[in-house]
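Can you make the complete structure from the sequences, with help from the hints?
2 protein chains.
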Amino acid sequence: MPSSIIYKAIPDGYPIIGEHMEFVTREIDIENFPLVDGEILVKNQYLSLDPYIRSKMRNPEIKANLSAYKIGEVLDGYGISIVVKSNNKNYQVGDYYYTHVPANAVSGIECLAKEISKYKVHESYFLGLLGMPGMTAYVGLNKIGKPVKGETIFISSALGAVGQVVGQLAKIKGLRVIGSAGDDSKIKYLNEELNFDGAFNYKTCNIDEKLKELCPNGIDIYFDNVGGEILDVVLNHLNNNGRVVSCGMISIYNFKTPYGIKNLFQVIKKRLLIQGFITSDHYQEIDLFIKEMGELIEQGKLKYKEDIVKGIQNAPEAFLNMLTGKNFGKVVVKIFK
Amino acid sequence: MPSSIIYKAIPDGYPIIGEHMEFVTREIDIENFPLVDGEILVKNQYLSLDPYIRSKMRNPEIKANLSAYKIGEVLDGYGISIVVKSNNKNYQVGDYYYTHVPANAVSGIECLAKEISKYKVHESYFLGLLGMPGMTAYVGLNKIGKPVKGETIFISSALGAVGQVVGQLAKIKGLRVIGSAGDDSKIKYLNEELNFDGAFNYKTCNIDEKLKELCPNGIDIYFDNVGGEILDVVLNHLNNNGRVVSCGMISIYNFKTPYGIKNLFQVIKKRLLIQGFITSDHYQEIDLFIKEMGELIEQGKLKYKEDIVKGIQNAPEAFLNMLTGKNFGKVVVKIFK
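Just so you know, the sequences run in chain order U and C. Sequential numbering from 68 applies to the first sequence in my numbering. Sequential numbering from 68 applies to the second sequence in my numbering.
These aren't lab readings, by the way, just hints derived from the structure by calculation. Quick caveat, the model's predicted, so the values are computed rather than measured. Check each hint, because a few of them may be wrong.
Which copy? The list can't say, so a pair holds if one copy fits it or any two copies do.
[What the hints assert, rightly or not] Calculated pairs, SDA-like style, for lysine to any residue (alpha carbon to alpha carbon, straight line, at most 20 angstroms):
#1 Lys216 with Val150
#2 Lys123 with Arg338
#3 Lys277 with Lys377
#4 Lys401 with Pro325
#5 Lys130 with Lys329
#6 Lys329 with Val300
#7 Lys337 with Tyr119
#8 Lys152 with Gln112
#9 Lys213 with Asn308
#10 Lys185 with Lys210
#11 Lys337 with Asp348
#12 Lys210 with Asp143
#13 Lys130 with Glu276
#14 Lys329 with Arg121
#15 Lys329 with Asp79
#16 Lys372 with Asn258
#17 Lys130 with Lys240
#18 Lys329 with Asn303
#19 Lys216 with Ile239
#20 Lys329 with Gly295
#21 Lys368 with Val150
#22 Lys329 with Glu86
#23 Lys329 with Ile129
#24 Lys337 with Pro325
#25 Lys213 with Gln366
#26 Lys185 with Asp354
#27 Lys337 with Tyr350
#28 Lys238 with Glu86
#29 Lys130 with Asn303
#30 Lys337 with Ile211
Structural data, given as structure tokens:
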């Protein structure tokens, strides 16, 4: 039974299930599903939930990198799919693919897909460590952060889909790695499992004092997943020539009046760089990325924490939990329970 | 009679003459002035007043690129000086030099100086068009702005020491050039004398509407000399991959609680770059800069508006006027009336 998450209305703040998005089921006849030349029919196995999806739930008149959803459209995301019918000689029935799909159980699509059957990792890793979030960590850290051995990096949302990869890659490059998250169990995991040099719960700490304590020599790179107040405090702790990798601002996506950043004069005082990016601008490097990451995985140098939600009907709630930081690691929906 | 501007106390807001800085005179015996080996004695002819001077009037515990002034110290700045006594074979009596000097009428200094006697422009140009502000415009526009023919640049404080150079260099490179300033006579000058493609008085306009009208295809480069509210509005008008050259934030230097920037999420939405810089990091290119600019001046392609204040005793008031935007062009103090 194909099931989808439908976009119903533009949310003002946090989306409300039933009002702004809804789970629906439809009938589909796989046997007689019409495929034009070049098309394939895939059955989605896993669906990735990522914060950027919220940014597409906006008034379409507001221009941005990613197009806005249209009312009534099926929400989309990165998925792991298996080919069930093919009218394209490059795609074989039974192969697993990593691609961008509508949040359907079954999609008739001709899309840029990456065959993953040949890799020895769990398929869902292609939604996180080896997928868009991992690539985001890789591109942001290397191309914007330009890390140098001995430097200090601070990562917010450090156990998120992107943050945990940034932290581990930075450790491998010889950086001092500090992270923040919003839950003590996450802090414990960052310290004990991922061997961060320090981590703190931003909800229960004085952020400024914690950064003073954990980054006594200042911060060289801030990998920013949240924006808002933490960014404002971090600006005061950045060293000369510091870099802010602007990856996400989950703290403000759901607020009409965002927090006002007051310390931006530090950009001039300390010759800082703040840069936003979009991972898809760098897809020409995806093979290099998968090769490098694959080797690190084989050598046991990369862990990846996933928060696997079972059943596509639970996707809307899991999405909301992610926006409020209740997930523990990368959020993946296993479409069939 | 050597005269100096002395730094007396850390100002909270705008410096107050007599309280935070003071004009004093001292006796100096030029004939018997002791010069150690390598030193020269120079008589300063022109002094440059620049906004960065305000940023040095701070609590020395606050670290930044430029060191803070000590209480009782003579304020310093870029100057045009004539050598009156030399104990250094590289510096001849009578030569004009462009260098960084204490705001004295006479200084005994061994410093990195650039001989300017051989150039055919007015000496004071070495404080503006061919000096630190011109170099700031050149470096900021080319190295951070990376202008491309056909793009649109918006410049705040567009008739300031830096802004007017940026605008003209951008016109030469084939950009559409829009500027703002705080006075209708400046707007007239930008439009009529510097041939900007548009200019507006930010004090009497709706900035958002004016940018919509004058930059119908959005802004590719924002050369930011003021920070604060204008930056916030501009963020909404920047195109994808837009660049913000963070050159100055004169709007906030004198305020304890700066304006909070609310639109920073545009950095992610549009893959923006915001970058601060310090001109002295790029001094290895000063000869190339002077050559390129010199040629443009010879070809009549660059104008430069100076606001020349006569008498060093008038420097404190001129400095204040610059901070509040009352100057008309680059502020230069002719030390002797």
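How the hints compare with the structure:
1. Lys216 with Val150: Result: close neither inside a copy nor across copies, 44 angstroms intra and 47 angstroms inter.
2. Lys123 with Arg338: Between copies only: 16 angstroms across, 33 angstroms inside.
3. Lys277 with Lys377: neither (37 angstroms within a copy, 52 angstroms between copies)
4. Lys401 with Pro325: Classified as neither; 33 angstroms inside a copy, 47 angstroms across copies.
5. Lys130 with Lys329: Classified as between: cross-chain Cα gap 17 angstroms, same-chain 26 angstroms, threshold 20 angstroms.
6. Lys329 with Val300: both (9 angstroms within a copy, 15 angstroms between copies)
7. Lys337 with Tyr119: So Lys337 and Tyr119 pass the 20 angstroms test across copies only (13 angstroms; inside, 30 angstroms).
8. Lys152 with Gln112: Within one copy only: 15 angstroms inside a chain, 84 angstroms across chains, cut-off 20 angstroms.
9. Lys213 with Asn308: both (11 angstroms within a copy, 19 angstroms between copies)
10. Lys185 with Lys210: Answer is neither: 28 angstroms inside a copy and 44 angstroms across each miss the 20 angstroms cutoff.
11. Lys337 with Asp348: Result: close only across copies, 12 angstroms inter versus 28 angstroms intra.
12. Lys210 with Asp143: neither (27 angstroms within a copy, 39 angstroms between copies)
13. Lys130 with Glu276: Between. Shortest inter-copy distance 17 angstroms satisfies the 20 angstroms Cα cut-off; intra-copy 38 angstroms does not.
14. Lys329 with Arg121: Classified as between: cross-chain Cα gap 18 angstroms, same-chain 26 angstroms, threshold 20 angstroms.
15. Lys329 with Asp79: Intra 25 angstroms, inter 17 angstroms, cutoff 20 angstroms: inter-copy only.
16. Lys372 with Asn258: Close inside one copy (14 angstroms), not across copies (59 angstroms); limit 20 angstroms.
17. Lys130 with Lys240: neither (37 angstroms within a copy, 28 angstroms between copies)
18. Lys329 with Asn303: both (10 angstroms within a copy, 18 angstroms between copies)
19. Lys216 with Ile239: within (9 angstroms within a copy, 42 angstroms between copies)
20. Lys329 with Gly295: This pair counts as both: shortest intra-copy Cα distance 10 angstroms, inter-copy 9 angstroms.
21. Lys368 with Val150: neither (32 angstroms within a copy, 64 angstroms between copies)
22. Lys329 with Glu86: Close neither inside one copy (35 angstroms) nor across copies (28 angstroms); limit 20 angstroms.
23. Lys329 with Ile129: between (25 angstroms within a copy, 16 angstroms between copies)
24. Lys337 with Pro325: Classified as between: cross-chain Cα gap 17 angstroms, same-chain 25 angstroms, threshold 20 angstroms.
25. Lys213 with Gln366: neither (24 angstroms within a copy, 41 angstroms between copies)
26. Lys185 with Asp354: within (14 angstroms within a copy, 57 angstroms between copies)
27. Lys337 with Tyr350: between (32 angstroms within a copy, 17 angstroms between copies)
28. Lys238 with Glu86: Neither. Shortest intra-copy (43 angstroms) and inter-copy (51 angstroms) distances fail the 20 angstroms Cα cut-off.
29. Lys130 with Asn303: between (31 angstroms within a copy, 10 angstroms between copies)
30. Lys337 with Ile211: Both. Shortest intra-copy (17 angstroms) and inter-copy (15 angstroms) distances satisfy the 20 angstroms Cα cut-off.
Hints 1, 3, 4, 10, 12, 17, 21, 22, 25 and 28 from the earlier list are contradicted by this structure; the remaining hints agree with it.
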